[in-house]
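One-letter residues, chain by chain:
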Amino acid sequence: MFGSEVFGVTWVQRELQLPAMRRGCHPITERIIEAMPELQYVRVGLLHIFIQHTSASLTINESADPAVLEDLDDVLDSLVPERPSYRHAEEGDDDMPGHAKASLLGSSLLVPVRHGRLCLGLWQGIWLCEHRSRAGPRRLILTLQGDIVGISQ
Amino acid sequence: MFGSEVFGVTWVQRELQLPAMRRGCHPITERIIEAMPELQYVRVGLLHIFIQHTSASLTINESADPAVLEDLDDVLDSLVPERPSYRHAEEGDDDMPGHAKASLLGSSLLVPVRHGRLCLGLWQGIWLCEHRSRAGPRRLILTLQGDIVGISQ
Amino acid sequence: MFGSEVFGVTWVQRELQLPAMRRGCHPITERIIEAMPELQYVRVGLLHIFIQHTSASLTINESADPAVLEDLDDVLDSLVPERPSYRHAEEGDDDMPGHAKASLLGSSLLVPVRHGRLCLGLWQGIWLCEHRSRAGPRRLILTLQGDIVGISQ
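Protein chains in written order, with our numbering: chain A, 277 to 429; chain B, 277 to 429; chain C, 277 to 429.
Do not rely on the hints blindly, as some may be mistaken.
[Claimed, not checked] Have a look at the derived ranges for each label pair, beta carbon to beta carbon: (1) C:367 - B:284: 46 to 54 Å; (2) C:340 - A:412: 44 to 52 Å; (3) C:293 - A:341: 20 to 28 Å; (4) B:393 - C:369: 45 to 53 Å; (5) A:368 - C:340: 41 to 49 Å; (6) B:393 - A:284: 20 to 28 Å; (7) A:368 - C:309: 46 to 54 Å; (8) A:415 - B:313: 25 to 33 Å.
[Stated by the list, open to error] In silico negatives: residues of chain C with every beta carbon more than 10 Å from chain B: (9) 364; (10) 392; (11) 413; (12) 415.
[To be verified] Just so you have them, the derived chain B footprint on chain A, three or more residues with Cβ under 8 Å: (13) 285 to 299; (14) 324 to 332; (15) 379 to 385; (16) 410 to 422.
Note that these hints are calculated values from the structure, not bench results.
In this text the structure is predicted, and so the values were computed from the model without any measurement.
We treat Cβ as the ideally placed atom computed from N, Cα and C, and that holds for glycine.
Using the sequences plus the hints, can you model the full thing?
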């Protein structure tokens with residue numbers, strides 16, 4: 277097994293703590309790739325990205341023009357406006373709209389992996405959408421699974 | 277292999293039939309955990325939850341305050357109101373809005389598993405959102421995959 | 277190992293290029309099944325379907341009545357209308373609404389597989405939702421994983 281090719285299915289799970297971000301949409305593709313160095317050994321697989329919070333969400337969208345980040349945030353505000361009629365309101369006017377936006381976008385992504393890279397389209401990037409006006413850090417759980425090809429020691 | 281530790285990737289798939297629920301959002305985390313006892317043997321993995329219906333959906337959201345369940349249902353009603361202009365209307369005014377809400381929230385969830393537990397955030401719970409006013413039972417397909425550590429007989 | 281049953285976890289990944297489609301929702305279940313013949317060997321598993329574009333999306337919905345396809349498209353138009361106020365507008369009025377709709381529905385699906393078949397409910401089908409008025413072909417990445425039972429040569 278010295279220096280030989282090894283094949284098999286690997287499972288790697290890591291936490292990624294992201295610092296507090298301002299309300300809005302933020303590209304995080306590079307941070308995710310950096311946090312999961314085992315990606316490079318995966319021949320074919322899937323990377324799961326899960327956010328352990330209910331007022332921030334994950335999505336994949338156009339990441340060449342930063343204007344899209346702002347426009348999507350405006351669309352979300354128009355879909356779920358801050359209004360005084362929510363029952364759940366202790367933490368402020370942005371509280372319940374944040375939870376609703378999180379359910380509309382979703383709390384996890386699953387991205388194909390091939391030959392050591394995320395199999396994203398040319399314009400696609402991974403975004404964290406922060407729905408709270410004053411948010412804290414956000415914790416992601418990254419789970420990588422796939423067929424690996426590696427050089428064992 | 278008697279009493280020894282065994283490692284490997286496991287796949288378990290189970291059906292979970294949920295009784296008819298009233299229109300609205302319902303926490304179902306405990307029912308899912310009970311329906312998949314093999315969860316406890318998974319060191320690192322993913323649990324997939326899929327609903328085989330098109331007018332009910334699954335989401336993860338804030339499960340400490342029951343008011344969030346009601347508020348999200350109101351938000352969904354405001355996004356997709358019952359109106360007479362839908363083409364697909366044989367089963368009533370709640371029919372097509374139910375299908376639209378199902379596409380907005382989605383029909384499946386994928387949740388990380390670690391050391392035998394769902395890796396949910398502190399406030400996160402799994403919800404079934406019933407979009408029909410008079411619904412029947414709903415069938416879920418649970419698929420668990422992951423690295424297992426167990427004591428074999 | 278000649279002619280014997282073999283068990284194991286398989287990973288298969290394929291690209292599926294779909295021709296340009298008119299704006300709206302289109303059932304694509306049959307095309308996906310045809311593009312992944314290895315499905316038939318999977319005892320229990322999951323099929324991941326990922327679209328590498330940011331102005332078209334994937335969803336699962338009612339596929340018996342074609343009217344649902346049109347109604348959902350109308351709902352999406354009502355949620356994210358074409359309006360002149362978007363910052364991102366170089367490619368036309370349908371550009372930014374297309375990106376927003378893609379985030380609302382999502383760019384991937386994960387479907388359970390059992391005994392060689394997609395484990396969809398009776399009325400469920402897989403749709404591609406094209407959000408651009410003049411779209412090009414769309415590329416999907418299909419990733420199949422699961423426990424296989426096969427006859428080896």
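Find the nearest Cβ of chain B to the Cβ of residue 413 of chain C and say whether that gap is larger than 10 Å.
23 Å, holds
Beta-carbon spacing of residue 368 of chain A to residue 340 of chain C - inside the hinted bounds 41 to 49 Å or not
44 Å, holds
With a Cβ-Cβ cutoff of 8 Å, does the region 324 to 332 of chain A contain at least three residues near chain B?
With 7 residues closer than 8 Å to chain B, the region 324 to 332 of chain A meets the three-residue bar; holds.
Is 46 to 54 Å respected by the C-beta to C-beta distance linking residue 368 of chain A and residue 309 of chain C?
48 Å, holds
Is the distance from the Cβ of residue 393 of chain B to the Cβ of residue 284 of chain A consistent with 20 to 28 Å?
25 Å, holds
Is 46 to 54 Å a correct range for the gap between the Cβ atoms of residue 367 of chain C and residue 284 of chain B?
49 Å, holds
Would you check whether the claim that residue 392 of chain C is not at the interface survives, using Cβ distances to chain B and the 10 Å cut-off?
Given that every Cβ of chain B is farther than 10 Å from that of residue 392 of chain C, nearest at about 13 Å, it holds.
Tell me if chain B covers the region 379 to 385 of chain A under the three-residue, 8 Å CB rule, please?
holds (count 5)
Range hint 25 to 33 Å (beta carbons of residue 415 of chain A and residue 313 of chain B) holds or violated:
Given about 27 Å between the Cβ atoms, the range holds.
Hint says 20 to 28 Å; check whether the CB-CB distance for residue 293 of chain C and residue 341 of chain A agrees.
25 Å, holds
Outcome for the supplied range 45 to 53 Å, where the beta carbon pair is residue 393 of chain B and residue 369 of chain C:
Given about 48 Å between the Cβ atoms, the range holds.
Is it the case that residue 364 of chain C keeps its Cβ farther than 10 Å from each residue Cβ in chain B?
Its Cβ never comes within 10 Å of chain B, the nearest being 22 Å, so this holds.
No hint from the list above goes unmet by this structure.
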